[in-house]
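Asks: Here are the chains, one letter per residue:
Number of protein chains: 2
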Amino acid sequence: MANSQAIEQMVSEISNDLTSGAAELALRSINIFRAVLDEAGLELTETREELAKTARMLLKAHPAMAPIINLSSNLLFEADAAGSTEELQKRCDQALTAFEQQLCNNASRIADYVHDLIPFGTTVFAYSFSSTVISSLMAARSRKSFRVVCTEARPSMEGRKLSKVLADSGIEVVHTFDNAMGLILPSCRVAFMGADCLARPGLVNKIGSWLLALACRELNIRLYALAGTEKFVPDEILFSFEDHERPGKEVWEGAPAGVTVVNRQFDLIPFSWLSGLVTEKGILFEKEIEKHIEESSIRMHPALEAAASVH
Amino acid sequence: MANSQAIEQMVSEISNDLTSGAAELALRSINIFRAVLDEAGLELTETREELAKTARMLLKAHPAMAPIINLSSNLLFEADAAGSTEELQKRCDQALTAFEQQLCNNASRIADYVHDLIPFGTTVFAYSFSSTVISSLMAARSRKSFRVVCTEARPSMEGRKLSKVLADSGIEVVHTFDNAMGLILPSCRVAFMGADCLARPGLVNKIGSWLLALACRELNIRLYALAGTEKFVPDEILFSFEDHERPGKEVWEGAPAGVTVVNRQFDLIPFSWLSGLVTEKGILFEKEIEKHIEESSIRMHPALEAAASVH
Numbered sequence: 269m270a271n272s273q274a275i276e277q278m279v280s281e282i283s284n285d286l287t288s289g290a291a292e293l294a295l296r297s298i299n300i301f302r303a304v305l306d307e308a309g310l311e312l313t314e315t316r317e318e319l320a321k322t323a324r325m326l327l328k329a330h331p332a333m334a335p336i337i338n339l340s341s342n343l344l345f346e347a348d349a350a351g352s353t354e355e356l357q358k359r360c361d362q363a364l365t366a367f368e369q370q371l372c373n374n375a376s377r378i379a380d381y382v383h384d385l386i387p388f389g390t391t392v393f394a395y396s397f398s399s400t401v402i403s404s405l406m407a408a409r410s411r412k413s414f415r416v417v418c419t420e421a422r423p424s425m426e427g428r429k430l431s432k433v434l435a436d437s438g439i440e441v442v443h444t445f446d447n448a449m450g451l452i453l454p455s456c457r458v459a460f461m462g463a464d465c466l467a468r469p470g471l472v473n474k475i476g477s478w479l480l481a482l483a484c485r486e487l488n489i490r491l492y493a494l495a496g497t498e499k500f501v502p503d504e505i506l507f508s509f510e511d512h513e514r515p516g517k518e519v520w521e522g523a524p525a526g527v528t529v530v531n532r533q534f535d536l537i538p539f540s541w542l543s544g545l546v547t548e549k550g551i552l553f554e555k556e557i558e559k560h561i562e563e564s565s566i567r568m569h570p571a572l573e574a575a576a577s578v579h
Numbered sequence: 269m270a271n272s273q274a275i276e277q278m279v280s281e282i283s284n285d286l287t288s289g290a291a292e293l294a295l296r297s298i299n300i301f302r303a304v305l306d307e308a309g310l311e312l313t314e315t316r317e318e319l320a321k322t323a324r325m326l327l328k329a330h331p332a333m334a335p336i337i338n339l340s341s342n343l344l345f346e347a348d349a350a351g352s353t354e355e356l357q358k359r360c361d362q363a364l365t366a367f368e369q370q371l372c373n374n375a376s377r378i379a380d381y382v383h384d385l386i387p388f389g390t391t392v393f394a395y396s397f398s399s400t401v402i403s404s405l406m407a408a409r410s411r412k413s414f415r416v417v418c419t420e421a422r423p424s425m426e427g428r429k430l431s432k433v434l435a436d437s438g439i440e441v442v443h444t445f446d447n448a449m450g451l452i453l454p455s456c457r458v459a460f461m462g463a464d465c466l467a468r469p470g471l472v473n474k475i476g477s478w479l480l481a482l483a484c485r486e487l488n489i490r491l492y493a494l495a496g497t498e499k500f501v502p503d504e505i506l507f508s509f510e511d512h513e514r515p516g517k518e519v520w521e522g523a524p525a526g527v528t529v530v531n532r533q534f535d536l537i538p539f540s541w542l543s544g545l546v547t548e549k550g551i552l553f554e555k556e557i558e559k560h561i562e563e564s565s566i567r568m569h570p571a572l573e574a575a576a577s578v579h
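If you read the protein sequences in the order shown, they are chains A and B.
Note that the first sequence covers residues 269 to 579 in this note's numbering.
Note that the second sequence covers residues 269 to 579 in this note's numbering.
Just so you know, the hints here were simulated from the structure itself, not pulled from any lab data.
It cannot be assumed that every hint is accurate.
Intra- or inter-copy, both count: the list cannot distinguish identical chains.
[Claimed, not checked] Dumping the calculated SDA-like pairs for lysine to any residue here, alpha-carbon to alpha-carbon at most 20 angstroms:
{"#": "1", "residue 1": "K555", "residue 2": "P538"}
{"#": "2", "residue 1": "K358", "residue 2": "Q369"}
{"#": "3", "residue 1": "K432", "residue 2": "G522"}
{"#": "4", "residue 1": "K432", "residue 2": "A407"}
{"#": "5", "residue 1": "K429", "residue 2": "T528"}
Because the structure is a prediction, the values reported are computed rather than measured.
Assemble the whole structure, with the sequences as input and the hints as a guide.
Replies: As structure tokens, then:
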């Protein structure tokens, strides 16, 4: 297929992007699935297989991205349910559009809740690079004045990207390194972070989030995680996220002999450590999160099970 | 004076050294004071002035180095007490030699205590770059097997220097970034750090030490600070240490407009958060530290008061 190489190229670009948030990568994944569906002349089974193959490539590129898992699962279930190529096209197109709209609507609803959590004229802390956090802070900034403290978020330094994006949008930014959290947090009234995925045991997010949550608890600073419910995944996936590791050379290129470099990606934080989980359904506390999980059917398409495990 | 430029050069080298520990820099300061004393043909008052000038340069180069403050104070008090150039030379030489011996003896006694704190075959955590920590780990390694986890210690990355030194001496080293403390600490049985200075309010050390201490407390990991009693300073000095700041460009060269980069250097940790302070006098707990401070005369020479304040 002529399109196949272009799709692999698009996936590879996503794979090399270590600084974008999950929602941003999910939007780009939607475009990749659209490109697959645009391939002309495929049979029903072939299309299903191409979609599953693409989904597995995306999950391999970013094993720990809940919206990509849920988007891919939704899509593959829709493809299974279709009786003809035409029906598949229609069902999949609707699923992609619905997911896209859900992502945008969720971000906008979350932003409304976040606005009320920021006292006028105060300093807030924001960790790592989450498009949900960014869109919320930008929306709040259009209505009130506050400044934001960011840290680097080693090793990928996506905190620098966050600082630049916020500063470019006219928000006053104070930037420091991650170790300095203990010194800088006392000047902040509230802290925000995104989430890579959510399940019964808690929230998985960029490494360093555990230290942030611990420090906020110690210093009595309210900490909110901002995440649409598209971030909920089956429990077993959450644990495989937590163990996700990347090459040591991304931390220390040319480390000397005798030094093993560890590059783990994610921390797990219990919901009880948060002041709340800000979702499109409102600010949820520990008990409400449990209730949400019980009431939702969080399931993964069987074709993705092996790919979603990072081991 | 022909020597004067050479001395300024030596001080400037110390000033640019952001990764050496306090004890190491104190030993180099001793050599600088010896060079001052070697200057031929100076009167008594001139020598005193030269010593005070050099001490102030050293304190300006590294405002937050307790052994340099105490070394300089001792030396200036001895110079004051001398009635002739010959007596000054003799008294100062003795003071420098005594301080040098004290530094070496203290490190060796601390190493003996540390050896007993490391269970055979376990993993220990070491933070930042402290020559006391390094000499203790090396001495322990000659008698038992263990491995060491180090983190980068942003922004100066002296954790890399620590990793290399330990690995070169045959210790198995695991290295990661500072944010990953929460994930890596549970694999460690005990944690060690140095100290830049000590006084009634607690211990001042490389930024990140507060997060380390908090994480150790949360995870029930014993944390010891290793420091000879030459690290005790008057309380008011401790607070000026804590506020010490360096240029933001050392954290982020070329940060975008609208982003203020903060580069604070030190954390303050209460003694109650430590499992113990390992000194040449034994492992001291909170109450014993208080007693030590009450019983010692920790005083600073008046000629240094302005220089030791970092504001």
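Asks: Each hint: holds or not?
Replies: So, going through the hints one by one against the coordinates:
1. K555 x P538: within (12 angstroms within a copy, 35 angstroms between copies)
2. K358 x Q369: within (16 angstroms within a copy, 83 angstroms between copies)
3. K432 x G522: For K432 and G522, the Cα distance is within 20 angstroms only across copies (11 angstroms; inside one copy 29 angstroms).
4. K432 x A407: Within one copy, since 16 angstroms is at most 20 angstroms while 47 angstroms is not.
5. K429 x T528: between (28 angstroms within a copy, 14 angstroms between copies)
The structure shown violates none of the earlier numbered hints.
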